[in-house]
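Heads up: the sequence lines are chains G and Y, in that order. Quick note: the first sequence uses my numbering, first residue 1, plus one each step. Quick note: the second sequence uses my numbering, first residue 1001, plus one each step.
Bear in mind the hints are in silico, worked out from the structure with no lab data behind them. Hints are supplied without guarantee of correctness; some may be wrong.
[To be verified] Using 27 Å as the maximum straight-line C-alpha spacing, the simulated DSS-like pairs for lysine-lysine come out as follows:
hint: 1; chain 1: Y; residue 1: Lys1116; chain 2: G; residue 2: Lys241
hint: 2; chain 1: G; residue 1: Lys223; chain 2: G; residue 2: Lys239
hint: 3; chain 1: Y; residue 1: Lys1024; chain 2: G; residue 2: Lys211
hint: 4; chain 1: G; residue 1: Lys211; chain 2: Y; residue 2: Lys1189
hint: 5; chain 1: G; residue 1: Lys164; chain 2: G; residue 2: Lys293
hint: 6; chain 1: Y; residue 1: Lys1027; chain 2: G; residue 2: Lys164
hint: 7; chain 1: Y; residue 1: Lys1189; chain 2: Y; residue 2: Lys1024
hint: 8; chain 1: G; residue 1: Lys252; chain 2: Y; residue 2: Lys1116
If you're wondering where the values come from, they're calculated on a predicted model, not measured in any experiment.
Each chain is listed here by its residues.
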Amino acid sequence: MQTRAGPPDVTPSGRTFLGETPPLLVADWRKGRGRPRARLRLSGSARAPPAGGCVRAAGTRALDRVQDRKGGGAAVARVPGTRGTGGADRREPVRCRNGVPAVPVPRCVLGASAEMNTVLSRANSLFAFSLSVMAALTFGCFITTAFKDRSVPVRLHVSRIMLKNVEDFTGPRERSDLGFITFDITADLENIFDWNVKQLFLYLSAEYSTKNNALNQVVLWDKIVLRGDNPKLLLKDMKTKYFFFDDGNGLKGNRNVTLTLSWNVVPNAGILPLVTGSGHVSVPFPDTYEITKSY
Amino acid sequence: MVRASTVGAHLPAPGFDIFGDLRKMNKRQLYYQVLNFAMIVSSALMIWKGLIVLTGSESPIVVVLSGSMEPAFHRGDLLFLTYFREDPIRAGEIVVFKVEGRDIPIVHRVIKVHEKDNGDIKFLTTGDNNEVDDRGLYKEGQNWLEKKDVVGRARGFLPYVGMVTIIMNDYPKFKYALLAVMGASVLLKRES
């Protein structure tokens, strides 16, 4: 609805709200005011005229070129078709015909109409903004916890050890040493959890060296502690979850099998560190195989 | 009236006008557009290859496809891998490996390591969410993995972002459409 006197706004279809061709253009040409607008070739770069102002397509181009001449800065691409407009247009102050100074309105190329353009561009900027906010938040989560020390003291104790020698049914079909261990774990993991820890993957691993292999590591037991679960570990007389098979017969008479509790910190976003708890226990394995008893 | 129709002709018909910028350009500007497009493509390629060199892994960013490592990694999560060959494989590490003869890499955890004096390592992996170890996934008769099968170690984690890649893999038409739209917007829009 028009509230001010002046030329009616022009819709993209070329018709005004009142349903007639813009009178000002034809009338101005007829009265001979200024140069005939028809001479300004706009080289087919069809644009939706800016809403809320007069038809500024041609005049804004003059604005570009006036600034170019004054500033002499960045080279503005010369638009073909406007070359022949003559000097008068360049020096004219940029105004609408009714005397209201023109406001250069940003144009949108990929827009169907003024209304559709607003919805799309709003959705676009909303999406881009929320994406960048989420990215910043994720980065903040990562950087605030990236250099934290995730180690806590752990107390381990082994109460019973047994050794057998059987065919390794989990893989290579050779007779290998099979160890059985009963252990206790005491640890308080509360200080590890913070806003960026999703879960802790705890695992108890046995490390030892044998004649065949310089280093052996076998994971005997694991547990997943999610954020929110009870972080205090008080486990007694636990049996191993996985079979303690050696690659060969290296457990028999092994003096030094070291058990350590480690954890893999899984963050909401960021680094996945592997941390070993401070505290381990070294146990010797028996020299003989247990044949009669079962574990 | 001839004049009126000429004046009216510059007002656009409703509809998309994606070639508007393109029409205004002279030859030099067009060359610039193409060069701009080529710059973007080669920058992306350079960044990717640079990451490969920096991390030492042939595939520095991977997307988790299955749920075998839940609840740590879900389908659609992004993993950042590095592979510095001086660091030995140790139990508890999350490694990405390729089974001989298959091209899809697998993300699992190392549970057994046996290393010899000369540095040869053989190791066994399993998924956190799996009941059994990975020997069923290895080649027929293969019981252990070796260093040469490893693509990288998982060092960083980013949730959900990889869903885009999964969608593009499951619906290739979407991938082509996305690439076409991005390519067109770079080629046809003039940078002001």
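Numbers of the earlier hints that this structure fails to satisfy, in rising order = Result: hints 3, 4, 6 break, sorted rising.
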